[in-house]
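Q: So the sequences go chain by chain: A and B. Residues 1 to 405 (our numbering) are what the first sequence spells out, left to right. Residues 1 to 107 (our numbering) are what the second sequence spells out, left to right.
These are calculated hints, taken from the structure and not from any lab test. Keep in mind that the hints are not guaranteed to be accurate.
[Claimed, not checked] A partial selection of chain B residues facing chain A, derived with a Cβ cut-off under 8 Å:
no. : residue
1   : Asp-82
2   : Asp-84
3   : Pro-105
[As the list claims (entries may be wrong)] What follows is a set of in silico ranges between Cβ atoms, one per label pair, in the way DEER data are often shown:
no. : chain 1 : residue 1 : chain 2 : residue 2 : range
4   : A       : Ala-160   : B       : Gly-34    : 54 to 62 Å
5   : B       : Asp-52    : A       : Arg-67    : 38 to 46 Å
6   : A       : Ser-322   : B       : Ala-32    : 41 to 49 Å
7   : B       : Glu-92    : A       : Ser-322   : 26 to 34 Å
8   : B       : Arg-107   : A       : Arg-213   : 35 to 43 Å
9   : A       : Ala-9     : B       : Ala-25    : 58 to 66 Å
10  : B       : Glu-67    : A       : Leu-373   : 49 to 57 Å
[As the list claims (entries may be wrong)] SDA-like mimics (lysine to any residue), calculated; alpha carbons at most 25 Å apart, straight line:
no. : chain 1 : residue 1 : chain 2 : residue 2
11  : A       : Lys-159   : A       : Gly-179
12  : A       : Lys-157   : B       : Val-37
13  : A       : Lys-159   : B       : Arg-107
14  : A       : Lys-157   : B       : Arg-107
15  : A       : Lys-157   : B       : Asp-82
16  : A       : Lys-382   : A       : Leu-327
17  : A       : Lys-157   : B       : Ala-91
18  : A       : Lys-159   : B       : Phe-106
Since this is a predicted model, take the numbers as computed values, not measurements. Where is the CB? At the ideal position from N, CA and C, for every residue including glycine.
Each chain, letter by letter, is given below.
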Amino acid sequence: MSGAREAIAQAHSAEWARVVAALTRRFGDLDTAEEAAAEAFATAVARWPVDGVPPNPGAWLTTTANRKAIDRIRRESKRDDKEGEAVLVHDPSPPLGAIDDDRLRLVFTCCHPALAVEARVALTLRMVGGLTVPEIARAFLVQETAMGRRITRAKSKIKAARIPYRVPSTEDLPARVSGVLAVLYLVFNEGYLARGSSPLREDLTAEAIRLTRLVRALLPDDGEVAGLLALMLLIEARRPARVSSSGDLVPLDQQDRRTWDPTLIAEGHGLVRERLASGAPPGRYQLLAAINAVHTSAPTFTTTDWPQVIALYDQVMRVDPSPIVTLNRAIAIAELHGPEPALDAIAPLAPALSHYRPYHATQADLLRRSGRLHESRAAYDKAIALPGNTAETAHLIHRRDQLGQ
Amino acid sequence: MQYLVSVITDSAEPSTPEEMAAISAFNRGLQAQGSWVFAGGLAEPSASTVVDNRGGEPLFTDGPFLESKEFLIGFWVIEAADLDVALGIAAEGSRHCNRKVEVRPFR
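Okay, chain A solo, but in the shape it has when bound (with noise of 0.2 Å):
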């Protein structure tokens, strides 16, 4: 019984995305493709545990889905005969030679640029992740009823303006890919960085991962997607130290390094040496994936090699020259130089994030460090005074009354 109940679970992350792009594939409709593919699901939980785990529990699945979509066409057909009307397009050539996989075709369809990107992440996270609608609609505090019609609305969109099943063309390749991983990496995003009361959403963080891998399994020649993977494992490892026993968050400087996880460490450094072997110019998940890199090889906080961060942080802002990125630049220019240079660079930054809790609470942390408590405390209020996650809440209010009066 629980042997089913295993192989069941094994086969929805195995075979589910498999199961939607072929079904897709076949009949042109991602409608069509999710219910199947949910019916034959449902059937499995029903019948396996009676029946025993079928030899090939891909092929069943694929075999009773196109099934139960035969079905619902037909009875769909007798109620009006408009099927096939809106079918779809697919090009019918096999795309860039190796990488002819409909899961492929599922994602960029998914993550299209003409869908709002919360509609991405949602239709990502249900047609290629096989979330339910009411697991996604908790994931991102959102009724369900309305993420139930931001996923339908999204549906309808590719349906009635043809956004097409099928791998971009190699010149707007990168381009699409690189949407691809933003989608990917704010899945991960809202896991690490979970809005509210829980401090950590790791069903979140393990999907974005699990998604990652299936990409760049498929797309395994593009140094971006395996920079992502890295960037993800390398701050995946790090979650057993980032919220201590009392929910406080727990800064880099703190965190017990002992309880890194170093399988996740191995894997991600292993990346991001592959992709600095590969001698090809380094993009933003690459560079981001190195300096976690840096930070993970290093026994102890005092021990990082900063220079090498702040040389990696000067090629990030050239190609992604935001202030998130010279905030953070910044914070390690602290270690390397003390807290005052560190807030003149930061200083100009101010109208710009104004309403980003990392700013003041780094603004807090280098004038308590550089003895200005008065302005510490000033800074800390308005951190705390912004939204943002409890754990981090915690930390902030703990750091503030710590500066006595």
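Starting from the structure of chain A, add chain B where the hints point.
A: Just chain B now, with coordinates in the frame of chain A:
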């Protein structure tokens, strides 16, 4: 599959001669590649009249049905295999006429 590519602007300034020349060249390209269906430039919204004859007695109202800062000033109807092709054409169209465009599929 046909798409309406609407040209959107917030200024009633007519296109410059350079913009007109660029639009004509773009149109010839559309015709040559078989994407052309129809196109036209419009007078400013103040020249429009709303007609409502749902009640049997036609009612004429001066001005557009919706007052807004941005308005329609021209359009293309194009033939494209899918949205990616349509967006590619629209991006070129926006560049040539030097205005924002909106792409909307026909039903």
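Q: Take the hints in turn and mark each one as holding or not.
A: Verification of the supplied hints:
1. Interface hint at Asp-82/B: satisfied, since its Cβ lies 4 Å from the closest Cβ of chain A, which is below the 8 Å cut-off.
2. Here the hint on Asp-84/B is kept, as its CB sits about 5 Å from the closest CB of chain A, short of 8 Å.
3. Given the 8 Å rule on beta carbons, the hint for Pro-105/B holds: about 5 Å separates it from the nearest Cβ of chain A.
4. Distance hint for Ala-160/A and Gly-34/B: a CB-CB separation of about 23 Å, inconsistent with the stated range 54 to 62 Å.
5. Roughly 52 Å separates the CB atoms of Asp-52/B and Arg-67/A, a value that falls outside the hinted 38 to 46 Å.
6. Judged by the Cβ atoms, the range 41 to 49 Å given for Ser-322/A and Ala-32/B holds: they are separated by roughly 42 Å.
7. Checked against the hint of 26 to 34 Å, the pair Glu-92/B and Ser-322/A passes, with Cβ atoms roughly 29 Å apart.
8. Separated by about 40 Å at the C-beta atoms, Arg-107/B and Arg-213/A satisfy the suggested range of 35 to 43 Å.
9. Look at Ala-9/A against Ala-25/B: about 59 Å separates their beta carbons, and that is inside 58 to 66 Å.
10. The beta-carbon spacing between Glu-67/B and Leu-373/A, approximately 56 Å, falls within the hinted interval of 49 to 57 Å.
11. For a cut-off of 25 Å, the pair hint linking Lys-159/A to Gly-179/A stands: about 20 Å separates their Cα positions.
12. For the hint linking Lys-157/A to Val-37/B, the alpha-carbon distance of about 23 Å falls within 25 Å, and the restraint holds.
13. Pair hint Lys-159/A plus Arg-107/B holds up; C-alpha atoms about 10 Å apart against a cutoff of 25 Å.
14. Taking the CA atoms of Lys-157/A and Arg-107/B, the gap is near 11 Å; set against the 25 Å cutoff, the hint holds.
15. Using a Cα cut-off of 25 Å, the hinted pair Lys-157/A and Asp-82/B holds, with the two alpha carbons roughly 12 Å apart.
16. For the hint pairing Lys-382/A with Leu-327/A, the CA-to-CA distance comes to about 17 Å; that is within 25 Å, so the pair holds.
17. A distance of roughly 19 Å separates the Cα atoms of Lys-157/A and Ala-91/B; the hinted pair therefore holds under the 25 Å criterion.
18. Taking the CA atoms of Lys-159/A and Phe-106/B, the gap is about 12 Å. The hint holds against a cut of 25 Å.
The structure fails hints 4, 5 (numbered hints given earlier, in ascending order).
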